[in-house]
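Visitor: Residue strings, one per chain:
2 protein chains.
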Amino acid sequence: MKMKEYPVSKVYSLLEGGPVVMVTTSCGGRFNVMSMSWHTMIEFVPPLIGCVVSDANYTFNILKATKECVIAIPQARLAGKVVRVGKTSGRDIDKFTSIGLTAKPASAVKAPLIVECFANIECKVVDTTLIDKYNFFILKAVKAWIDPAQKKPRALHHHGHGVFIVDGKKIRIPFKSIEP
Amino acid sequence: MKMKEYPVSKVYSLLEGGPVVMVTTSCGGRFNVMSMSWHTMIEFVPPLIGCVVSDANYTFNILKATKECVIAIPQARLAGKVVRVGKTSGRDIDKFTSIGLTAKPASAVKAPLIVECFANIECKVVDTTLIDKYNFFILKAVKAWIDPAQKKPRALHHHGHGVFIVDGKKIRIPFKSIEP
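Protein chains in written order, with this note's numbering: chain Z, 20 to 199; chain E, 20 to 199.
Take these hints with a grain of salt, some might be off.
Same chains, same label: a pair holds when it works inside one copy or across any pair of copies.
[To be verified] Below, simulated DSSO-like cross-link-like pairs (lysine-lysine); rule was C-alpha separation at most 27 Å, straight line: (1) K106 <-> K189; (2) K143 <-> K123; (3) K188 <-> K106; (4) K123 <-> K23; (5) K159 <-> K83; (6) K29 <-> K152; (7) K162 <-> K129; (8) K189 <-> K171; (9) K170 <-> K188.
The hints are simulated quantities; they were obtained by calculation from the structure and are not laboratory data.
Could you put together the complete structure from these sequences and hints?
Guide: Shown next, in the form of structure tokens:
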């Protein structure tokens with residue numbers, strides 16, 4: 020599977036709609052992955068992303084120490100794996116192997132890309148101000164990739180307790196149509 | 020239209036899926052409203068929401084001064100109004116009147132609810148740490164309302180430049196189904 024580079028200046032269009040994502044990290048050569056819904060774009064240039072990683076998560080200390088991660092966006096057909104990723108801990112198992120996700124080396128960070136995801140965003144932690152108070156990390160997107168083979172991917176949106184809404188139809192509201 | 024109170028402890032289920040929202044404010048008895056996609060849940064208890072309000076927006080100074088707003092969630096059928104709200108400024112027009120949105124008094128804040136929206140969340144600014152650096156406000160949800168007449172509402176997800184994805188089907192992944 021060949022990934023195509025995607026401009027980091029456009030990652031907002033991947034993230035601002037609020038898809039469920041997976042976050043990978045690497046520590047001592049060992050990969051981990053968690054599921055996440057609490058994220059937002061913060062800035063277009065440079066492309067900054069804010070996200071909450073609970074300090075109860077195995078990922079928290081790794082992200083705080085390594086300051087690197089990958090945000091990977093899964094299609095709806097991966098929902099079962101996304102939930103398993105969210106309900107297990109990297110303290111206990113190697114999630115990539117046991118859940119069946121394929122890691123691929125990233126370019127600018129040691130955290131891996133997830134081959135099955137339609138988009139992968141390599142990120143570095145650039146602001147730690149609110150980590151201690153809210154577990155809130157600010158990341159900078161430094162490199163991004165899409166899988167051209169996944170056409171019109173449908174993302175997932177978590178609504179709590181394993182309930183997800185799948186992307187439906189796309190609509191376009193031309194700005195000129197909204198002139199008074 | 021009668022709104023039903025919704026527990027603030029569950030506003031995460033309204034917001035974490037990343038819907039486009041509208042943000043209302045009140046200043047000197049005059050209401051304003053903007054559109055927003057850059058928001059995330061920050062904490063369950065108390066229910067905290069982080070959001071970016073650009074300092075180019077008329078809302079910015081009002082929110083910074085009054086420390087109150089309402090986050091209102093529109094259905095897809097309001098997409099045209101959402102875009103008009105996003106492409107006009109309260110400096111120039113009264114958006115409620117000219118775009119056709121109905122304000123209703125809120126309970127705990129002076130900013131109004133939007134009658135046409137299926138959910139309204141009354142919020143107070145509780146953390147200003149990152150406002151100057153990133154225009155990033157942290158809000159506390161203090162009261163929430165849903166419109167029981169709007170059954171199975173379909174929210175909008177912005178992907179940039181007037182392109183939206185509408186909520187599609189709902190799926191549920193039972194946790195027990197994901198045991199290894």
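Visitor: Measure nothing new, just compare the shortest in-copy and cross-copy C-alpha distances for K170 and K188 to 27 Å and report within, between, both or neither.
Guide: both (14 Å within a copy, 19 Å between copies)
Visitor: First find the shortest C-alpha distance between K188 and K106 inside one copy, then the shortest across copies, and answer within, between, both or neither for a cut-off of 27 Å.
Guide: For K188 and K106, the Cα distance is within 27 Å only across copies (23 Å; inside one copy 30 Å).
Visitor: First find the shortest C-alpha distance between K123 and K23 inside one copy, then the shortest across copies, and answer within, between, both or neither for a cut-off of 27 Å.
Guide: within (13 Å within a copy, 49 Å between copies)
Visitor: As a check of your reading, is K159 near K83 (CA-CA no more than 27 Å) within one copy, between copies, both or neither?
Guide: For K159 and K83, both the intra-copy (14 Å) and inter-copy (26 Å) Cα distances are at most 27 Å.
Visitor: Within a copy, between copies, both or neither: which one fits K143 and K123 at a CA-CA cutoff of 27 Å?
Guide: within (18 Å within a copy, 43 Å between copies)
Visitor: Please work out whether the CA atoms of K29 and K152 approach to 27 Å or closer within one copy, between two copies, in both situations, or in neither?
Guide: between (30 Å within a copy, 22 Å between copies)
Visitor: Treating 27 Å as the Cα threshold, decide for K162 and K129: within, between, both or neither.
Guide: within (12 Å within a copy, 43 Å between copies)
Visitor: Quick one: K106 to K189, C-alpha cut-off 27 Å, is that within a copy, between copies, both, or neither?
Guide: between (31 Å within a copy, 20 Å between copies)
Visitor: At most 27 Å between C-alpha atoms: does K189 with K171 qualify within a copy, between copies, both, or neither?
Guide: both (10 Å within a copy, 18 Å between copies)
In summary, this structure violates none of the numbered hints.
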